[in-house]
Amino acid sequence: MREREKEMKKQGAIARKAVVPSAGRVERKIMTETKTEMDGESINHLHFTLWPDHGVPLYPQNLVPFMKEMLKIPQGKRPVVVHCSAGIGRTGTILLCDIVLRMAALEQKVDFLKIYHKLREQRPKMVDNPAQYILAHLVVYECLFGKDFSISLDVNFKNNVEDLLTEFKIKSVIDYLEEVSWQIKVMQECFYNEILEIYLERYPGDDESSDYINAVSMDCFQNQDRFIVTQQPLPNTVGDFWRLILEFDVNTIISLNEIQQNDHCLYSSDGAKASGLFVALSFLIEKIKLEHSCDIVLAVNTVRQRRMQCFRNKEQFKFLLKAALQYFESFDTYSNFDNI
Numbered sequence: 001m002r003e004r005e006k007e008m009k010k011q012g013a014i015a016r017k018a019v020v021p022s023a024g025r026v027e028r029k030i031m032t033e034t035k036t037e038m039d040g041e042s043i044n045h046l047h048f049t050l051w052p053d054h055g056v057p058l059y060p061q062n063l064v065p066f067m068k069e070m071l072k073i074p075q076g077k078r079p080v081v082v083h084c085s086a087g088i089g090r091t092g093t094i095l096l097c098d099i100v101l102r103m104a105a106l107e108q109k110v111d112f113l114k115i116y117h118k119l120r121e122q123r124p125k126m127v128d129n130p131a132q133y134i135l136a137h138l139v140v141y142e143c144l145f146g147k148d149f150s151i152s153l154d155v156n157f158k159n160n161v162e163d164l165l166t167e168f169k170i171k172s173v174i175d176y177l178e179e180v181s182w183q184i185k186v187m188q189e190c191f192y193n194e195i196l197e198i199y200l201e202r203y204p205g206d207d208e209s210s211d212y213i214n215a216v217s218m219d220c221f222q223n224q225d226r227f228i229v230t231q232q233p234l235p236n237t238v239g240d241f242w243r244l245i246l247e248f249d250v251n252t253i254i255s256l257n258e259i260q261q262n263d264h265c266l267y268s269s270d271g272a273k274a275s276g277l278f279v280a281l282s283f284l285i286e287k288i289k290l291e292h293s294c295d296i297v298l299a300v301n302t303v304r305q306r307r308m309q310c311f312r313n314k315e316q317f318k319f320l321l322k323a324a325l326q327y328f329e330s331f332d333t334y335s336n337f338d339n340i
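Take the sequence shown: its position 163, counted from the start at 1, is 163 in the numbering used here, and no numbers get skipped.
Where hints are given, some of them may not hold.
[Claimed, not checked] For lysine-lysine, the following DSBU-like pairs were computed, each having C-alpha atoms within a straight-line distance of at most 30 angstroms:
| id | residue 1 | residue 2 |
| --- | --- | --- |
| 1 | LYS158 | LYS77 |
| 2 | LYS171 | LYS322 |
| 3 | LYS68 | LYS289 |
| 4 | LYS171 | LYS158 |
| 5 | LYS125 | LYS77 |
| 6 | LYS171 | LYS125 |
| 7 | LYS318 | LYS185 |
| 8 | LYS185 | LYS314 |
Derived by calculation from the structure, the hints in this document are not laboratory data.
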């Protein structure tokens, strides 16, 4: 039997038929062919690409589209393979989310602890730290109760954006962001507060306060830690600013101050208002390019999870939407979107 299996493996073939990339995930269609099945077998491959080797994804909402794709997998006789490096932490977290969401759909209730214990009975150390257990709750909450503010870039895009620009709709966006701000606080308090902050090398080495600078890293749509956001250097912090540039190998500085005020680094007077707006707009443009979809809530929430002081008034929200609309209108017809 083993010789037969070896023979099939040697004569088998695997071909990638289709790839659908999205932010944080890739969907592949794989065709297999063996000696006994020349017509081939189709295998769906879902790959989440934003889970670090150590820790958890910083944004629960990044996992929501991935989980919704998993929920489309029908319950049947054929098994589903789920894997990560060790097959316990990330794998256990994803399985916990999937099982709890299916439980919610069938029974209109959830029981994380029961499913967690059941997973560990089948394999020790599944969901192997508190951060993963907390993340599973946030992901499930977002899947069940999160609101979708995304706008597809189709022939109705302009009308939909103009509708969202009304005072009532803008207020609903701001109210929703305030409503879910507790998630940001949970994430910061539980497990990622320290990795957001930027620290310099101590100089001199015995000066414990010399590693501080008012700066945080921020993500763009596809790239984690794409930006370093900081404030306008003060007379007594100019040296720290240039240490930041050198120590983090920065090759581009983007200044967002008026001219009379004297990897990428952005700085504005307070390190939040203008810089946060710039990063959110970059996020929106990348999402438009890749997914042909505009989601102001996701963009703003991504920025605010790194710096809560960003986006303090409705005019900034309106600016983002108007900028997205102007970008849309810079293309003559929808058919041009494929060339963005």
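Each hint, compared with the structure:
For the hint linking LYS158 to LYS77, the alpha-carbon distance of about 46 angstroms lies beyond 30 angstroms, and the restraint is violated. Between the alpha carbons of LYS171 and LYS322 the distance comes to roughly 16 angstroms, so the proposed pair stays at or under 30 angstroms and holds. Among the hinted pairs, LYS68 with LYS289 is consistent with the structure: their alpha-carbon atoms are about 22 angstroms apart, no more than 30 angstroms. Straight-line distance between C-alpha atoms of LYS171 and LYS158 comes to about 19 angstroms, which keeps the hinted pair within the 30 angstroms bound.
Under the criterion of a C-alpha separation no larger than 30 angstroms, the hint pairing LYS125 with LYS77 is consistent with the structure, at around 26 angstroms. With a CA separation close to 44 angstroms, the supplied pair LYS171 and LYS125 exceeds the 30 angstroms bound. Taken as a hint, the LYS318 and LYS185 pair is honoured in the structure, with Cα atoms around 25 angstroms apart against an allowance of 30 angstroms. Of the pairs offered as hints, the one joining LYS185 and LYS314 holds, with about 22 angstroms between alpha carbons and a cut-off of 30 angstroms not exceeded.
Against the hints set out earlier in the document, violations occur for numbers 1, 6.
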